[in-house]
Every structure is written in C-alpha cells, then in structure tokens.
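Since the structure of chain A is provided, determine the placement of chain B on it from the hints.
Protein sequences, first through last, are from chains A and B. At position 750 of the first sequence the residue is numbered 750 (our numbering), and the sequence of numbers has no breaks. If you count the second sequence from 1, you need to add 977 to reach our numbering.
Do not take every clue at face value.
Using C-beta positions, here's what the derived DEER-type ranges look like [claimed, not checked]: (1) A1023/B <-> E699/A: 20 to 30 Å; (2) S208/A <-> D1108/B: 41 to 51 Å; (3) E684/A <-> A1023/B: 33 to 43 Å; (4) D419/A <-> D1108/B: 51 to 61 Å; (5) P1032/B <-> G188/A: 38 to 48 Å; (6) R996/B <-> P154/A: 52 to 62 Å.
Chain B stretches covered by chain A per the calculated footprint, using a threshold of three residues with CB under 8 Å from any CB of chain A [said to hold, decoys possible]: (7) 1026-1040; (8) 1103-1113; (9) 1125-1138.
These are computed hints drawn from the structure, not numbers from a lab. Glycine included, every Cβ here is placed at the ideal spot set by N, Cα and C.
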Amino acid sequence: MTRLSGGLIDRSEHLNFTFDGKSYTGHRGDTLASALLANDVRLMGRSFKYHRPRGVVAAGSEEPNALVELRAGARQEPNTRATVAELYDGLVANSQNRVGSLERDFLAVNDLLSPFFAAGFYYKTFMWPKAFWEKLYEPMIRRAAGLGSLSMLPDPDSYDKGFLHCDLLVIGAGAAGLAAALTAARAGAKVILADEDFRLGGRLMAESHTLDDAAAMDWVASLEAEFASLPNLRVMRRTTVFGAFDHGIFGAVERVSDHLATPGTAVRQTLWRITAKRTVLAAGATERHIPFANNDRPGIMLAGAMRAYANRWAVSPAETVAIFTSGDDGHRTALDLAAKGVTIAGVIDTRADAKALGKYPLFAGAVVSDAKGRLGLERIAVTREGQTSWLDVGALGVAGGWNPNVHLASHHRGRPLWDDAAQAFLPEPGAVPGLTAAGAAAGQGTTAAALASGAAVAQAALAELGITASLPALPRAEDAPQRQAAFWHVPGKGRAWVDFQNDVTVKDINLAHLENMRPVEHLKRWTTLGMATDQGKTANVTALAVMAELTGKTIAQTGTTIFRPPYTGVALSTLGHGDTGTHFRPRRLTPTHEWAKAQGAVFVEVGQWMRAQYFPRKGEKTWRETVDREVLATRAGVGLCDVTTLGKVDVQGADAGEFLNRVYANAMASLKVGMVRYGLMLREDGFAYDDGTCARLAEDHYIVTTTTAQAGPVYRHMEFCRQCLWPELDVQLISTTDAWAQISVAGPNARKLLERVVDGFDLSNEAFPFMACSELTVCGGLRARLFRISFSGELAYEIAVPARYGNALMARMIEVGADLGATPYGTEALGVLRIEQGHAAGNELNGQTTAQMLGMGKMVSTKKDAIGAVMSRREGLLAETRVLVGLQPVDPTQPVTAGSHLFAQGAAQKTETDQGWITSACYSPHVGSMIGLGFLTGGAARMGEVITAANPLQNQQIALRVVPTHFVDPEGGRLRD
Amino acid sequence: MTDLTPMPALGRAAVSSLRAGALTISVNEAVALAGLALRRGAAPPAPMGLVLPGPGRWSAGQAVAAFWTGPGQWMIEAEGRAGEDVARALKTRHPDCSVTEQTDGWVAFEIVSVAGGAPIVRLMEKLINVDAAGFGPGCATRTGLEHMSVFVIRRTEDRLAIIGMRTLAGSLWHAIETAAMRQQEEPA
Chain A
1 MTRLSGGLID
11 RSEHLNFTFD
21 GKSYTGHRGD
31 TLASALLAND
41 VRLMGRSFKY
51 HRPRGVVAAG
61 SEEPNALVEL
71 RAGARQEPNT
81 RATVAELYDG
91 LVANSQNRVG
101 SLERDFLAVN
111 DLLSPFFAAG
121 FYYKTFMWPK
131 AFWEKLYEPM
141 IRRAAGLGSL
151 SMLPDPDSYD
161 KGFLHCDLLV
171 IGAGAAGLAA
181 ALTAARAGAK
191 VILADEDFRL
201 GGRLMAESHT
211 LDDAAAMDWV
221 ASLEAEFASL
231 PNLRVMRRTT
241 VFGAFDHGIF
251 GAVERVSDHL
261 ATPGTAVRQT
271 LWRITAKRTV
281 LAAGATERHI
291 PFANNDRPGI
301 MLAGAMRAYA
311 NRWAVSPAET
321 VAIFTSGDDG
331 HRTALDLAAK
341 GVTIAGVIDT
351 RADAKALGKY
361 PLFAGAVVSD
371 AKGRLGLERI
381 AVTREGQTSW
391 LDVGALGVAG
401 GWNPNVHLAS
411 HHRGRPLWDD
421 AAQAFLPEPG
431 AVPGLTAAGA
441 AAGQGTTAAA
451 LASGAAVAQA
461 ALAELGITAS
471 LPALPRAEDA
481 PQRQAAFWHV
491 PGKGRAWVDF
501 QNDVTVKDIN
511 LAHLENMRPV
521 EHLKRWTTLG
531 MATDQGKTAN
541 VTALAVMAEL
551 TGKTIAQTGT
561 TIFRPPYTGV
571 ALSTLGHGDT
581 GTHFRPRRLT
591 PTHEWAKAQG
601 AVFVEVGQWM
611 RAQYFPRKGE
621 KTWRETVDRE
631 VLATRAGVGL
641 CDVTTLGKVD
651 VQGADAGEFL
661 NRVYANAMAS
671 LKVGMVRYGL
681 MLREDGFAYD
691 DGTCARLAED
701 HYIVTTTTAQ
711 AGPVYRHMEF
721 CRQCLWPELD
731 VQLISTTDAW
741 AQISVAGPNA
751 RKLLERVVDG
761 FDLSNEAFPF
771 MACSELTVCG
781 GLRARLFRIS
791 FSGELAYEIA
801 VPARYGNALM
811 ARMIEVGADL
821 GATPYGTEAL
831 GVLRIEQGHA
841 AGNELNGQTT
851 AQMLGMGKMV
861 STKKDAIGAV
871 MSRREGLLAE
881 TRVLVGLQPV
891 DPTQPVTAGS
901 HLFAQGAAQK
911 TETDQGWITS
921 ACYSPHVGSM
931 IGLGFLTGGA
941 ARMGEVITAA
951 NPLQNQQIAL
961 RVVPTHFVDP
971 EGGRLRD
Chain B
978 MTDLTPMPAL
988 GRAAVSSLRA
998 GALTISVNEA
1008 VALAGLALRR
1018 GAAPPAPMGL
1028 VLPGPGRWSA
1038 GQAVAAFWTG
1048 PGQWMIEAEG
1058 RAGEDVARAL
1068 KTRHPDCSVT
1078 EQTDGWVAFE
1088 IVSVAGGAPI
1098 VRLMEKLINV
1108 DAAGFGPGCA
1118 TRTGLEHMSV
1128 FVIRRTEDRL
1138 AIIGMRTLAG
1148 SLWHAIETAA
1158 MRQQEEPA
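The shape of chain A in the complex, shown without the other chains:
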C-alpha cells in the first residue's frame, strides 16, 4: 500500500524502524501503528485469552489490540499502544503474548478450547483435586496470564515530578479545548492546555472539514502562533491528564523524551500535579464498534480511526474497504477515503432509511454478520432481510456511535448519565468540583458546537473566578446534524467480540446474564470486561447495552461502571519520579556521621536516620564480637554514643510546668530548676505513648526528650495540646532535635572524661548529682548543655552542643579519653546496655502496653489530671496482670528469641494458655548468656519460676527463668556514684 495524498507527516524525513525484527520505514509525524499500516502490516498482536490474531482497532489511546513491547534491553516496555507510540528513527518494537511467531502462535490452541474458557471459568474450575492448585493450576495460570513481558533489568532512565498551578486547566486540545484555551488565555487567566497527543488539534487532525473554508490545521497553526506569544498560557503536548484528585488537583504525565531513541541526560517522563481553580474537560469522544461474528479480524477497525489514518497519516489499511455503520458518521469515512482514491466496496448501514452521501454502494437496513481472513480480513458477510452475500474487502470500518470521554468526570465517583438523544453517557455535572465538560466530551457532536461550547464553558468558568472573558471570533465550521441509531450488536451464532483486549464476547455477557451476574459490577468481574490496560474504553458501553437488551431494561436502568484513575496506564517509575537507591527517601545524618564513617562504622537505617550500628575493629570476625567489646568497654571504662536522634522539644512560657503536668502522666511542675525527671506520656485511651526525660533549665524553660521513633508524633501531639486543648496556657514549643548534637557519655570513667572537656564546671556528685542538668561551656567557650541521666545503668551523662560542633566534640572526647578507655558504641551496644538495665524502649512501648505493664503504674499521678490518666484506671486495664520481667535461659547456651510466646512449663501451647511474649532479647556479655525482657502474666509474683518460650517458626522450646528486669546493678548504685 502506498501512502495516500495529504496527511500531517513529513515525507522528506524517512525513519527506519523494526517490528518483530523486520525493517520498515515511516515518516516524522507517524505513530508506530500508522507506519505499520503504511507498510501493509495489519496483524499487530494476539488477544489475551484466546490468542486470536489482532490488528489495530483505534487511532488513539483507547487502542485495545495493537499492544507491543517497545524498545529493547532495559528500556523494553510492554503493553505499549502502537497507536500512540510516536515514530522515531531506530524504533524497535515486538509483538507480545505469543509463543512462536506472531503468525503461528502456539497458544492459539486456546481458541480451539474456548468452550472451556467461558466467562467466569476460573471461578468454576480448578477446584479439585485440591492439591493441584498450588502445584499445577496456579503456576499454569500465572504463566499464561499477562500480556507483554518485563525486561527484568533495572530501569536506566530518570524521571521527574513537578507542581503547576493555574486558573484554568484545559484537558484536550481539540476544537473545544483550543477554543477554551484561547478564550481564557486572551482574558489574561493563567491557563494550562494539556493534550496526550504530540500535536495540537485533536479530532481536527483526523477530519477533512474546513474552518473558514481553509484547512482546519491552518487555524490550529495560527492559534499555536498566538499561544506562543501568551506568557499566561502553558501548552503541554505529550501530556496525559490521567486523574482528577481532591481539591482541584489533577495528575498528569508528560512524556518528555519518549519520542526520542533514548532520553540522553534528560528525564524520560515527568509526573505533574496540577492544581487548577477550574477545569474544562475537552477530552473528546471514543467511537463504539458493533459486535458481530468474528469482528476481531485484523483489518476491522473503528471507522473514525480509519478516517484518522487516511486524513492525518495518509494511509489506508487496504485498497478496498467497507464501512459498517448505524449512523451518519460512518458515511463520512467512506467519503473521505473515496476522496483519497480508496475503493469503497460498500457502506452497510443498519438503518433501513439510510441515504448514501456520495458515490458508493449502500446496503441500507443491512448488517455485517461475519468476517473471514484469519491473519487479515478478506471477506465480510452482508446480511439484509435474511439474505447474505459476501464482499471482498481488506478492511472494514465500524461506526456504532460515539462515547464521550467522561472518565475524569467520574474520578470522584460521579456516575455518568445516560442521554437518549445523544445515545451516550454524559458527565454528571458537578461530579468533580470545578470541572465542566465541553465539546465531544459533553456530547457535542459537530465541530461548530465543540468550538462554541469550549469557549462558552471557559468563559463561564472564569466568571466564577471573577475574570471577565470575551468570546473569541470562532471560525465557521461544519454543523450538520448527525443521526445515530441505537444498534448494539448483530445477533448470530458466532462469537462476537465486545471487549477485544479481554476477549469478552456477546455470548459471555449472555452467560453472565443467565448466571445472574446482571448488575454492572458483577458483569465486569464475571467476564473481566473492561479490566485490562484499556479499561474498557471501546467496550463498556456496548456491553451495558447488550446486558440491557438481555434484561429488557433500558441502558439508564442497567447503570454504568464508573472510572478510576489513571485514564491510561502510568509507569511506576513515573509515579515514584525516579527516586531509587540511596535517594529512595530522605536520609538524616547525625552530627557525628562523618567521624563515625571515618572510624569504619557500620550504619543502620532507623526511620530516616542513618545511625552507627557498631564500630568494628581489625580482627573482629563477627558483629557480636564488636558489640560485646563495646558493651564491656562501656561498663569498664567509658563509652560514647551519638544520641542526637532522640527528639528534643524546647518548652517555654509562664505555664510551661502546668502544660507538662497535663501532658505527662507524672508531675513535672514540681521538678526543680537544674534537675531532670524521667517522664511517661499516655495516650487518651490510657495506654503508654512515649517516654523520655524532662529537664528544667529555668522556671519557665524545660527541655523534653522523646524516643527517636516518636520524635515527630510527640511534637505534633504537644502542639495539638497547646493549640487546641489548652490555648489559654502561656506555652511556646519548638523542636530543637536538629539544633543540638547530643552524645551519651556512659561508664565509670564518664566523669573523668567530661572533666577534660568542660570549662571549669564542677562535676562532683555533690555539685552535679544524678538527674542534674545545667548549661555550661566546653572546649574553650562553646555553649553546651549537660544532663546527668543514664540509659545503661552506669554513671552517665548526655552532653549537647550546637550540632555543627558534634563531630569535633566526639573526636575530641575519644582522643582525650584514650587512657580512660573511651570507646564509641553504636545502636547494637546501646540496645544491649538498655536491656541489661531493664529499660523499656520501642519494643515495649508498642502502643499496646500500659504503665502498669511496664512496671510504672505508680508514675501515673493521682494528684493531678493528665492525658490518659483516667482511662489508664479503667477496670480492664487495672485487671491486666502481665508485667515486664527479665528472662534468662536455664541453659546458658540456649537462645532467647524476641517474639517468642510464653507458657507455663508443661502447659498446652494455644491461645488460651498464652501468658505473654518476649519483647527484646540480646546476648549479654555481662551475664554471659542471652537475656530478654518480656510481658508475663502475673510476672511480678513469678520470680525464679521456669517457664517455656515457644518459637514455632524455628521449632524452639526454651526453658527460661523469670528474673528481675535489672541484670546489672539492681540497686542503682552506679548511677548515683
């Protein structure tokens, strides 16, 4: 087939491409589909279930059949619609969903077995034998399922995201969209015009109509020139608005580089979030086909698509074509193709009163009842008044009317409304606040009506924003009324396809009806109608009409499915906008990160933080060896650990004490200046929320610390309390977590070490006792804060300096404390030290435990009220006897495994006899075995008892002795030393 005349392709530029390894040539302006058609390739794919040979059906993003694997290697992308793949030199495409060649797909055997694959077959089969499911059926189905294949290689491209704001978003740059954008942009409004195509014009490119007696694209070209001069208008080509979300936000994908062989250094696609005050939905309409027996032969396509290929891409799928129509629109295709020299074998019109609009054979009151040509259409059966004759044609255009593209108007669950006059579903007005449809998307059938409605809708939308817009002078356009009959399928014995992509036939819908799967939602799930990548764009309404016919109801009574985002598929890489690897999410580095890295620390992710987990030394073969050394060094000398990650909240104001009294379960207003108190916060429901310390630097100034994990939530909670619960209190809050580097200095030599860095500050036990705090200076005048608190059970301090000095302070303390055994330790040793000390942490404060369970019941003050205090005294919580206990294996060589459940020795191990669980466990170099903490029923009275820890996952049954939670210095003498 040679090219037809005209078209919007650049014939001076020849682009080479391959399909299934065979080389072809196309032109700039082609899509892969148009270029294949121009090279006489009608067979482009295989269907999903029956592996039927399929050709292109549409000319846009609604394409259900011509799906290919585009590009090669790591850039291979499955399920790409050939109809929207812009041709470039060197393009590589392969057909998919086949075993063997496209012409001889071995899986076409499925077509012969189709009686077994009727609608809902997978709900009815594979039930027995039961053992076959996992071993045979599921693997078999998984192998057969899906369309294209993934390369399984990392995506080499980069992706981007961005945010745009506008007064008016115009979705679609056809006649209505262009008129809307022109109206709004001339009024000075901030306008975004987005279209999925690479050229502006929409359906104007596919038609032969003139505007003001000139080619329609002349008008589009004049508009593009004007648009370029308007700084308030942003034209976004190759941009699909795929979803309408809350608050006027629309998701859009801009295919920045998909029209290039490789993106080079540029991004491939950009995900835009567009915030629009008002939106015009000018997304056009999608043509319906008419199911008849074997209507899926390659070469049978939508008549509007056939017209688009002829007018825009100067190509016809065959030299002789026929048209099957139920309205006037099909005749237009015949006229346009005939004008370009294509032979029209006939127009088969279902309407008995149809009239020919030109010189071509007309079969009025007839239908196409069958088609032949397995790999490409050869003949069609035309049936009129019970008589069937065959026509030899290479292609058939089918015109069953147009469905407005209402999808985005449904994204807020708006249900499209059936309009009898338009024979179509129209968008529900107001379904998406601020969005109004115009043009074909609103059921406006003619170009003149589309232009006028685009301008009028834009004007009205701007008026709501207080922007006055004048209606522009619009070009004179065709305005002939279009008659459309309601004709939904050709009855007959053969299989008539409704949903090409999912292989759903009229028979399947009939079966669903017989099996009482009649509501639209059931129909969809029973038959898989509309579930594939095209989301039923060419199928759903026809299927509804068929179901309506079967039930004897109207289409309006039958209902409709609604649509969810995305309008067309969006790559996960685009949604993730390229954040992979180290930059998958933000990383917070502690102030001593650089120093720790230089020491060879192994880091661990703790939320967003990267924390030093341990500091291996030469000769240490396992992490346990390192951690044991760090723990023992701390207990014997002095250990240093960066604890900056703990949340810090600065609390000031005359009522700061009262505020904290209400937030903490225990009293804080009574805390003396210069002292620190351990604090416990409860949730409203009485369960433990978070713990930490509260230091009082002045009468009206406290510093609250939180756990690392809860730093953000606790600060938010405190702000909620301040702003919403007690706005009358004079309290000011601000987070200082990042502002101060905080280092724990723990161990018997902690004081000696600190004495070497503080500027003349008295650290004696008398002057600075356990739980004291103070502001001071260190290292020659650097402002600092010192807290004498311990997480390890040792004599310990936490020293804070402005964050930028944290790294240097850590290095300095390690350096000057070398003779004292100064040793850095990481989060692993930190965990061991706290378990040995019996300190609750995140494992114990998991949102399901109470103060009483944690052994802190008495901390919930009865002398004052506080959040959660009353609820913590609920009968159910008071009756709880599980408390935190220490656990030690009877045989020291045995493990203690966190997560294990606790049972009385010899008791049956089931839910009813479950007595608790192990929350934390570690190897304790101090004890010489593994140890654990856990909640145990009646634990307080069971000291010394041997119980069983069951870990069914590893088939462990370990005998544990119940011991106090303090494995080290139970009297607390070291803390106060």
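Showing chain B alone in chain A's frame:
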C-alpha cells in the same frame, strides 16, 4: 573561643556551591537563626530594629531578617553571626518573648538567578507545591520538599532561599541540585 572546628552542613569534603545554568546554589553557613515567640500579652518586638512580618511574609533590615512561622512566632535571621549566641542576645533584649537557638537546626540554601525570576519559578515548579506566580518577593512559607519540611523564602525576584533541617542537608542538596541541573537538560 572554642578550639573545636565546626562541621559544614554538607560535610567537610562536599561542595557547598553549585552553578547550574542561570542558577547558583550555595549553602549559607554564616546565618544565625533564632525562634522568637510572643508570650501571653506581649507586644511584637522589633528585634534589631526590624518590623516583624505578617503571615506568609519575610522582611529584611540591616543584616537581620525574619519570617513568620506561626501566630505570634517568627524565625529571626542574623546574617554572618552563626558563631554567636544570637538567641541569648535576643532573649536579653526581649525578655517577654520565648527565644530558642535554631542556628544549627537548619541548613540554608541560597539560590540566585542571573536571568531574572524565570529560572527561579521553574525550579520552584519542580521542588515545591507552591504557586510561584503568587509567591513574589517578600513571601515565605513552610512546605514539603521531597517529603522534607522546609521554609521557602522569595527574598527578591531572582533570589530564593530554602531552609531545611540540617540533618537532611545532603538529601536536600541532592533534590535541589538535581532539579537545577535538569533545567539545562530539557529536550527540544
């Protein structure tokens, strides 16, 4: 004067300045920050002679500036005084306010365009969900940038500041650098 050496926000070895087309991005290590909040009944002060701005605004005086961070709350910027205890000085002058040192809580990225406001607007479009058209000189807001909380200040038509958490400096730099570099790489 302490003998400890401060660590730059991006680490000692990292670059702290970048030229990307019309944009220059640099880390401002010298600016001191302090949170200032009114206590009950206090009148807004004029720290260092500066009239404190209203909601969504930033104002600048002689080597001092401030942006609104909440009702009765501001962040004070004192240029070139990061090494000083600016918070203490402010508290001494304004005892009826709560003042908190914030210098090391944040990292300030200063972005300057040599081609007017357009490159700044294009950068904003890629980084933050703020309508650049309504965010002219003197505007300040708190918003999200790649899941990180930041303050953004339009100091002038061609100058933008992004102030984010210091512990996230590396991730912020990566995000800003990537967006700035991509401005040069958009295909025709």
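How about the region 1103-1113 of chain B: do at least three of its residues have a C-beta closer than 8 Å to a C-beta of chain A? With 8 residues in contact (Cβ-Cβ under 8 Å with chain A), the coverage given for the region 1103-1113 of chain B holds.
Next item on the list: Hint says 41 to 51 Å; check whether the CB-CB distance for S208/A and D1108/B agrees.
Entry: Given range 41 to 51 Å: holds, Cβ gap about 42 Å.
For the range 33 to 43 Å, tell me whether the beta carbons of E684/A and A1023/B fit it or not. About 41 Å separates the Cβ atoms of E684/A and A1023/B, which means 33 to 43 Å holds.
message = Using a Cβ cutoff of 8 Å, are there at least 3 residues of the region 1125-1138 of chain B near chain A, or does the coverage claim fail?
response = Three-residue rule not met by the region 1125-1138 of chain B, so violated; n is 1.
* Asked: Under a C-beta cut-off of less than 8 Å, do 3 or more residues of the region 1026-1040 of chain B approach chain A closely enough to confirm the stated coverage?
  -> Violated: only 0 residues of the region 1026-1040 of chain B have a Cβ under 8 Å from chain A.
Task: Range agreement (Cβ of P154/A with Cβ of R996/B, hint 52 to 62 Å) - done: Roughly 31 Å apart at Cβ, these two residues miss the hinted range, so it is violated.
* To do: Using the beta carbons of D419/A and D1108/B, state whether their distance is inside 51 to 61 Å or not.
  => violated, 37 Å
Notebook entry, point to check: Does the Cβ pair P1032/B, G188/A satisfy 38 to 48 Å?
Noted result: violated, 27 Å
- Task: Hint says 20 to 30 Å; check whether the CB-CB distance for A1023/B and E699/A agrees.
- Result: holds, 26 Å
Checked against the numbered hints given earlier, this structure breaks hints 4, 5, 6, 7 and 9; the rest are met.
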